[in-house]
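On the provided structure of chain R, position chain F as indicated by the hints.
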Amino acid sequence: MQLKQTKFSKNLILDLMRISKLPVARALAALCFVIVLGMIFNADGAFFKWDTHRDMLRHISVFGILACGMTLVIITAGIDLSVGSILGLTAVLFSLFTIHLGWPPFFAVLICLAAGLSCGFTSGFVIDRFKVQPFIATLAMMVFARGIAKWVSGGQKISTAVLQTDGTYQYVEAPPVFNLINSKIFHENIAVVTLIFLGSILICWLVLSKLRWGRHIYAVGGNEEASRLSGIPVTATKLLVYGASGFFCAVAGICQAAQELQGDPEAGMTYELTAIAIVVIGGTNLLGGTGGIGLTFIGAMTIGYLEKILSINAVGEASRLMLTGVIIVGAVMFQKYRK
Amino acid sequence: MHSNTHHTERAHPEKPLLQMKNIHKSFSGVKVLDGVCFDLKKGEIHVLAGENGAGKTTLVKILSGAHTDHSGDVYLDGALVRFVSPSHAAKYGISAIYQERSLVNSMSVRDNIFLGKEKTDLLGRMNFKQENDLARHVLQQLGLDIDISRPLSSYPLSVKQMIEIAKALVNESKIIIMDEPTSALNTMETSHLFEIINELKKNGHGIVFISHRLEEIYNIADRITVLRDGKYIGTSVPDRLSSKNLVKWMVGRELKEQFPSRTPFSKKKSSVILSVRDLSLNNKSISFDLYSGEILGIAGLQGSGKSLILHSLFGTFGKPDLGHMSLDHREHMVKSPAKSIQNGIALLTNDRKNNGLVFDMSVKENITLASLSKFLKWGWIQKKKEDFVVSRMFESFHIKAKSMEQTVSTLSGGNQQKVLLAKWLMTNPKVLFLDEPTIGIDVAAKHEIYKLMNQWRDQGLGQILITSELPELLALSDRILVLHRGRLSALYEQHEATQEKILRSAMGQCN
Numbered sequence: 001m002q003l004k005q006t007k008f009s010k011n012l013i014l015d016l017m018r019i020s021k022l023p024v025a026r027a028l029a030a031l032c033f034v035i036v037l038g039m040i041f042n043a044d045g046a047f048f049k050w051d052t053h054r055d056m057l058r059h060i061s062v063f064g065i066l067a068c069g070m071t072l073v074i075i076t077a078g079i080d081l082s083v084g085s086i087l088g089l090t091a092v093l094f095s096l097f098t099i100h101l102g103w104p105p106f107f108a109v110l111i112c113l114a115a116g117l118s119c120g121f122t123s124g125f126v127i128d129r130f131k132v133q134p135f136i137a138t139l140a141m142m143v144f145a146r147g148i149a150k151w152v153s154g155g156q157k158i159s160t161a162v163l164q165t166d167g168t169y170q171y172v173e174a175p176p177v178f179n180l181i182n183s184k185i186f187h188e189n190i191a192v193v194t195l196i197f198l199g200s201i202l203i204c205w206l207v208l209s210k211l212r213w214g215r216h217i218y219a220v221g222g223n224e225e226a227s228r229l230s231g232i233p234v235t236a237t238k239l240l241v242y243g244a245s246g247f248f249c250a251v252a253g254i255c256q257a258a259q260e261l262q263g264d265p266e267a268g269m270t271y272e273l274t275a276i277a278i279v280v281i282g283g284t285n286l287l288g289g290t291g292g293i294g295l296t297f298i299g300a301m302t303i304g305y306l307e308k309i310l311s312i313n314a315v316g317e318a319s320r321l322m323l324t325g326v327i328i329v330g331a332v333m334f335q336k337y338r339k
Numbered sequence: 001m002h003s004n005t006h007h008t009e010r011a012h013p014e015k016p017l018l019q020m021k022n023i024h025k026s027f028s029g030v031k032v033l034d035g036v037c038f039d040l041k042k043g044e045i046h047v048l049a050g051e052n053g054a055g056k057t058t059l060v061k062i063l064s065g066a067h068t069d070h071s072g073d074v075y076l077d078g079a080l081v082r083f084v085s086p087s088h089a090a091k092y093g094i095s096a097i098y099q100e101r102s103l104v105n106s107m108s109v110r111d112n113i114f115l116g117k118e119k120t121d122l123l124g125r126m127n128f129k130q131e132n133d134l135a136r137h138v139l140q141q142l143g144l145d146i147d148i149s150r151p152l153s154s155y156p157l158s159v160k161q162m163i164e165i166a167k168a169l170v171n172e173s174k175i176i177i178m179d180e181p182t183s184a185l186n187t188m189e190t191s192h193l194f195e196i197i198n199e200l201k202k203n204g205h206g207i208v209f210i211s212h213r214l215e216e217i218y219n220i221a222d223r224i225t226v227l228r229d230g231k232y233i234g235t236s237v238p239d240r241l242s243s244k245n246l247v248k249w250m251v252g253r254e255l256k257e258q259f260p261s262r263t264p265f266s267k268k269k270s271s272v273i274l275s276v277r278d279l280s281l282n283n284k285s286i287s288f289d290l291y292s293g294e295i296l297g298i299a300g301l302q303g304s305g306k307s308l309i310l311h312s313l314f315g316t317f318g319k320p321d322l323g324h325m326s327l328d329h330r331e332h333m334v335k336s337p338a339k340s341i342q343n344g345i346a347l348l349t350n351d352r353k354n355n356g357l358v359f360d361m362s363v364k365e366n367i368t369l370a371s372l373s374k375f376l377k378w379g380w381i382q383k384k385k386e387d388f389v390v391s392r393m394f395e396s397f398h399i400k401a402k403s404m405e406q407t408v409s410t411l412s413g414g415n416q417q418k419v420l421l422a423k424w425l426m427t428n429p430k431v432l433f434l435d436e437p438t439i440g441i442d443v444a445a446k447h448e449i450y451k452l453m454n455q456w457r458d459q460g461l462g463q464i465l466i467t468s469e470l471p472e473l474l475a476l477s478d479r480i481l482v483l484h485r486g487r488l489s490a491l492y493e494q495h496e497a498t499q500e501k502i503l504r505s506a507m508g509q510c511n
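Residue numbers (my numbering), protein chains in the order written: chain R, 1 to 339; chain F, 1 to 511.
Just so you know, these hints were derived from the structure itself, not from any lab.
Treat the hints with caution; some may be incorrect.
[To be verified] DSS-like mimics (lysine-lysine), calculated; alpha carbons at most 25 Å apart, straight line:
1. Lys383(F) - Lys210(R)
2. Lys41(F) - Lys15(F)
3. Lys400(F) - Lys231(F)
4. Lys131(R) - Lys41(F)
[Unchecked claim] Listed next, with one range per pair, are the computed distances between beta-carbon atoms:
5. Val132(R) - Ser153(F): 18 to 26 Å
6. Asp15(R) - Ser280(F): 55 to 63 Å
7. Arg392(F) - Leu206(R): 26 to 34 Å
8. Thr68(F) - Leu14(R): 19 to 27 Å
9. Leu206(R) - Met107(F): 42 to 50 Å
10. Tyr218(F) - Leu14(R): 27 to 35 Å
Glycine residues also receive a C-beta, built at the ideal position from the N, C-alpha and C atoms.
Only chain R is shown next, with the shape it has when bound in the complex:
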């Protein structure tokens, strides 16, 4: 009896050790740690209100959508630095089409998605065809897309103040599509952008774990040459992930424009870094071949809560940035601590 007891507890400990080595467990541990921090520094109970959580989700959604595409790219052992710029470009395009040109929203959305997609495809094509390193190719796209955004907008924010022929500005009503995307539904309990973020997560999950493309993405990231020799369409896979990343940038860009009620050509600066941080904090390895979209979701929540806790406690920006840096390193080190 005594013996059985110890054997059982030993197995339990071994099981726990095994589970604790799983990336999901690590990511969840980091998230729990941040939530516990929030419970301690709850800013007079503000942390326990649903509104706080809803706003956190709403705030992180745009970054989360970018991180969805970034996850696919990083699993193929690539990186996409252009996501912030493509977001800026599509935000400008969307505002221009709907506010200034008065296009029907459906059509404007379609063109914006196509623009994002073609930016992504271009990066993918350059990377695959000319064997340019993803870092360099998407760095070039980052600069280039920002350039288009400034050219299209003339360097001005595309807002509801429309320039008239006589040189005066007249404020126009924002198109209803802006309000739709920026609204909260279910009795103001969840933001539409959050739903779009969750939808993006779901699509990526389907692609990664149910469709053949997912298998191809992991295989190419794990061992590109072995994949090619196994008959996997490496070129198509790369075009797919960079294209998907561009597509999600466009989705995020539309959301951003709706939230800000304008298309700012400077929008999305340094967003690529937040998106990468989300993916990495989730536990997806920059070397490729491992990771998953569920991890990215947890990573997004972790970063979201972190920023929320710092802001409800009114921590100044300087300390906030420093603390965020320290905590990101801490979380990633915690995940790496395996061997």
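Relative to the frame of chain R, chain F by itself:
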């Protein structure tokens, strides 16, 4: 036989250079070494043998300071030592040449030789003259005439191996550990390496040598120590240990013969399944036929273009410049690996780590990697069907893993190789190209792979085999094609082929 026995008896009272006593070591609760003893004398080549996972590499890693959390004692020249790091062990004159090489390809030969032990003055300024002189001296000792200022990447693997040894010599190592140094070398390079090892032995170095190749072990060993499942099995001089007994020590049971028996092949009963005409390789063309139910061996020295032929036919480099190929009496246009797989060609590459397996993926995902289209419905993977088919494959190949969900990086070499074979069998090939199918795997796993190959041969699969182990090539091939510098230099039937004939043809001598 007598002289050898004498030698060991006379050497006995001598104080051993190295003694390892009662070594224990565990990895996260799993015992990998269980009371292992090992000793080494001056001027001795002591072979450490055993299957994959027997604990050989763990033992030498303890000796070289790479693993430190073991129990048991290590004596060097009779004094108790405990190494805390590889550089600590290096100070005591122990150098290890691991399977994974510790060289930097982009740096020059000289910089590699002195990596981490740069000759500098007190201010940290490099003394290039001293380094150059010493490097030249050591390389001369090794019989290597190369430009030491050129980057290492411009030299073949065999030279890199010598550079590793040069590093050990510069370090004035008394003990040199070599973990499967010959696994990537051909017969000529191996014999050159052995000359050098014998030279080192004469100079009084003690050498620990790990190898999987029986032939090689008997060629070079002064003594053999066998480990199995982390336990010490025994030590013997080669003359007192027959190869049959050695295998028995390693495997724990008797393997009836090294190569399984099979029915002889007759061309008349089968038909040509793959015919290659005027395939151009480096401005030389080659033609040959492969029959169904035949294993066609290809022999040749490094650089003779053996692997190149298989890769050209498979479409690794895209479209070849010239040449016709017909597969099963139909014209086969080489275009890409994907197209070739569709047409029924499979290529097992010789480097499972770099272009064979996807290490982060599970056994299952690796097995279906090249045949995923069979498990698709509207682009969705039918997981149940995949599980069902793979589990049958998993059992028939006797893959030793906890489950088919285990990642392949955690499997032993032999099991990884079986996963690769299973992957290619899943594509239902008409012809199977095998480039070093038994590289770096243990005796028992080799035997299983031989049996599988014979089984497919009986089922009428055409196979082309490349292997740098001549006994394996001779035993398994129905016909042997010998290449010399990309040209066909001889073709032997199995009964007329011998090692000498093949080597002579490989070096370009006509018979």
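Against the structure, the hints:
1. A C-alpha spacing of about 9 Å is found between Lys383(F) and Lys210(R), which places the hinted pair at or below 25 Å, so the restraint holds.
2. Of the pairs offered as hints, the one joining Lys41(F) and Lys15(F) holds, with about 8 Å between alpha carbons and a cut-off of 25 Å not exceeded.
3. Of the pairs offered as hints, the one joining Lys400(F) and Lys231(F) holds, with about 20 Å between alpha carbons and a cut-off of 25 Å not exceeded.
4. With a C-alpha separation of about 53 Å, the suggested pair Lys131(R) and Lys41(F) falls outside the 25 Å cut-off, and the hint is violated.
5. At roughly 22 Å, the beta-carbon separation of Val132(R) and Ser153(F) lies within the given 18 to 26 Å, and the hint holds.
6. About 59 Å separates the C-beta atoms of Asp15(R) and Ser280(F), a value consistent with the hinted range of 55 to 63 Å.
7. Here the CB-CB span from Arg392(F) to Leu206(R) is close to 28 Å, well matched to the stated 26 to 34 Å.
8. At roughly 24 Å, the beta carbons of Thr68(F) and Leu14(R) sit within the given window of 19 to 27 Å.
9. At roughly 47 Å, the beta carbons of Leu206(R) and Met107(F) sit within the given window of 42 to 50 Å.
10. In this structure the supplied range 27 to 35 Å is violated for Tyr218(F) paired with Leu14(R), their Cβ-Cβ distance being about 43 Å.
The structure is inconsistent with the numbered hints 4 and 10, although it conforms to all the rest.
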